[in-house]
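Engineer: Read top to bottom, the protein sequences are chains A and B. Read in the numbering used here, the first sequence has 53 at position 39, and its numbers run on one by one without any break. Read in the numbering used here, the second sequence has 399 at position 383, and its numbers run on one by one without any break.
What the hints contain is simulated information worked out from the structure, not anything from laboratory work. Fair warning: there could be bad hints in the mix.
Footprint (simulated), chain A over chain B, 3 or more residues, beta carbon under 8 Å [said to hold, decoys possible]:
(1) 19 to 31
(2) 331 to 344
(3) 403 to 414
With a Cα cut of at most 25 Å, we get these calculated PhoX-like pairs of lysine-lysine [claimed, not checked]:
(4) B/407 with A/97
(5) B/156 with B/181
(6) B/119 with B/165
(7) B/407 with A/29
(8) A/97 with B/404
(9) B/156 with B/371
(10) B/205 with B/165
(11) B/371 with B/119
(12) B/205 with B/233
The following residues of chain A were derived to be distant from chain B, with all beta-carbon distances above 12 Å [claimed, not checked]:
(13) 28
(14) 77
(15) 195
(16) 204
(17) 225
The model shown is predicted, which means the values in this text are computed figures rather than measured ones. All residues carry an ideal CB built from backbone N, CA and C; glycine is no exception.
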Amino acid sequence: MYAIEVERLTKIYGKGETAVTAISDATFQVRPGELVAILGPSGSGKTTLLTAIGLINEPTHGKVVIDGAAVADEGWLPGLDLKRLRREKLGFIFQAHNLIPFLTALENVMIALEINRLTRREATERATELLASLNLGHRLHSYPTALSGGESQRVAIARALANRPKVILADEPTAALDTENGRNVMALLKKLAVENHSAILVVTHDRRMVEGFDRIFRVSDGRIVGEDGNGISRDFT
Amino acid sequence: MNLALRDIRYHRGRFILTSIGLGLLLGVVMSMGGIYRGLFADALAVLNFTRADIWVVQQDTNGPFAENSRIPEETKYRISAVPGVAEASPLSFQTIQIERMGKPFRFYLIGHDLNGFGGPPLIIAGRNIRQKHYEMVVAKAMRMEIGEKIHLGLHDYTVVGITGKVVSASGDPAAYVSLADAQEIQFKKDNDAIRNDRVRIGANLAGIPSLSPAQAKFLRQNIAGITESTHTVNTVVARLAPGADLKEVQERISRWNHFRPISSEEQTKILTKGMIEKARKQLGLFRIILLVISAVIISLIIYTTTLDKIRTIATLKLIGSQNRVIVGMILQQSLLMGVIAYGIGYLLISLTYEKFPRRIVLEPSDLQALFVIVIAICTISSFVGIRKALKVEPAEALGG
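Here chain A stands alone, though its shape is the one from the complex:
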């Protein structure tokens, strides 16, 4: 079973003459434990693709299946609890880490667990464990303003992993980091994909950051124009 299945996914903004096709006929699958990149320049539609898979932005056409559960088929499927699905099946990592400024590192991870109805005690234990595993054991009670860029992004990764999601979606996770920290974060994601058996889908414009990824989908003008991986590079026409 795939962690992510996307078939002929299309997103069109607006109607009639003003309609803009942000993503067109995207089809791909990601397996559990696989680290996949969507690589493309700014405005190519990669974030739109991510938001559609992340249950944020309703696709206009096409199918989306997350962890075996169909969520979209020509629009959201009726009766879906998108919030619950996002909470239980997905983890998000953002470009600007998006830590809640008034919560400590520990609380930033705990909030994701408490939203998913874990008790305070369970949340504290799991969040502490997660942060310690990401070498942030000494930063548990630090506020985001006291953390470095790399540390903040690791806290954000811990928050994304907190509910042990099957799919982690990362939107330009290294954009706010220097090259070294960016490489470290990517290495960490690769490690986590393997260890947690989670599918990790990263959108980025920076080719340097996707070294070692299992597969890379190249996006241009709203279309997937090519795929690199497993030693093979192919272009779609």
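Starting from the known structure of chain A, arrange chain B on it as the hints suggest.
Structural biologist: Below, chain B alone, put in the same frame as chain A:
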């Protein structure tokens, strides 16, 4: 995890300053309510302390507080003789402003019959007036010492006692002297003025051709005596005998010419509905305006703090947070701010209300009502922020 408290903990400086600002505003609202109640208490102070059943004043006037009233002092004997009247006592009132220690010194002078009633209600220091002349009892608010002298009219008066919070309807502290002294202060002219009056009257009489010189001299001596009389009072107050019928006594006095008997209840109405009505309405309006300002300020604060949290709210939504978590965060902060600001306002007014120049009366019922209003304002104001928060899309968490 309580996000509202966590946010307040992190932004405690901003929150405390905002709450203090709002607290000061609510303190002003509370003081307005206190002044409003104080106006009533002040207006009715002399009326209540006198404990009279009937106030006999000049006909066709609403005296002695709302309008000027002058009646002869000896009216007290006629009123005392009315069936049902237990005792009657003449009173004189005048507002005096003099210079004391280089500053204007304003007070309300009450002259009373030392053998009657209507004198100082309570002596908290010193003693009551014992001599018919040149002694006075002053309200504590005048801040005078026992033994201190004050020059009024033609003479010096010595403070012999201090009484409590007796003030005029306009809030001036009261001082008590004997009726004779009060009349002298109010009506007695200095020697030059008396001499001038006598010369003028004499000249006028001498100019009347129909009068002989002997008649003119006789008239001059007697008319001068009448014009120099100070035996005038502003009111004669009466207490009824047990079982006496107020209406009947009023009716009897009404039959006489030149007098109007006003019951204590009617006097209360004259004071509250007439004299302080405008001030009351003004204060009421001012309170409403301040509450509206408070509501606008709370709304703005909640709205701007919500705007500050747009990305946080979007992130919370993106990671699957329920709307009630976000609504709870905004509502709790708004309510907490209101409660703390109310507490600050209450503390402020409790510590300072006795230092206000005018009386502030803090009624528990007023304070409770204001608390309910503040809670309602905070709840309604938070809707502005909640509305904004609910419109935030999870997608706003994405991007740089």
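Engineer: Against this structure, judge whether each hint is valid.
Structural biologist: Quick rundown of the hints versus the structure:
1. 19 to 31: Per the Cβ count (6), the hint holds.
2. 331 to 344: holds (count 9)
3. 403 to 414: As far as the region 403 to 414 of chain B goes, the hint holds, because 5 residues have Cβ atoms under 8 Å from chain A.
4. B/407 with A/97: Since the Cα atoms of residue 407 of chain B and residue 97 of chain A sit roughly 15 Å apart, the hinted pair holds (cutoff 25 Å).
5. B/156 with B/181: holds, 7 Å
6. B/119 with B/165: Judged against 25 Å, a Cα distance of about 16 Å means the pair holds.
7. B/407 with A/29: Holds: residue 407 of chain B and residue 29 of chain A sit about 22 Å apart, inside 25 Å.
8. A/97 with B/404: holds, 19 Å
9. B/156 with B/371: With a Cα-Cα distance of about 13 Å, the restraint between residue 156 of chain B and residue 371 of chain B holds, given a limit of 25 Å.
10. B/205 with B/165: Given that 25 Å is the threshold and the Cα spacing comes to 21 Å, the pair holds.
11. B/371 with B/119: Measuring from Cα to Cα gives roughly 19 Å; hence the hint holds.
12. B/205 with B/233: holds, 22 Å
13. 28: For residue 28 of chain A, whose nearest Cβ neighbour in chain B is about 16 Å away, the distance exceeds 12 Å, so it holds.
14. 77: holds, 21 Å
15. 195: holds, 16 Å
16. 204: holds, 22 Å
17. 225: Correct as stated: the minimum Cβ-Cβ distance to chain B is 23 Å, above 12 Å.
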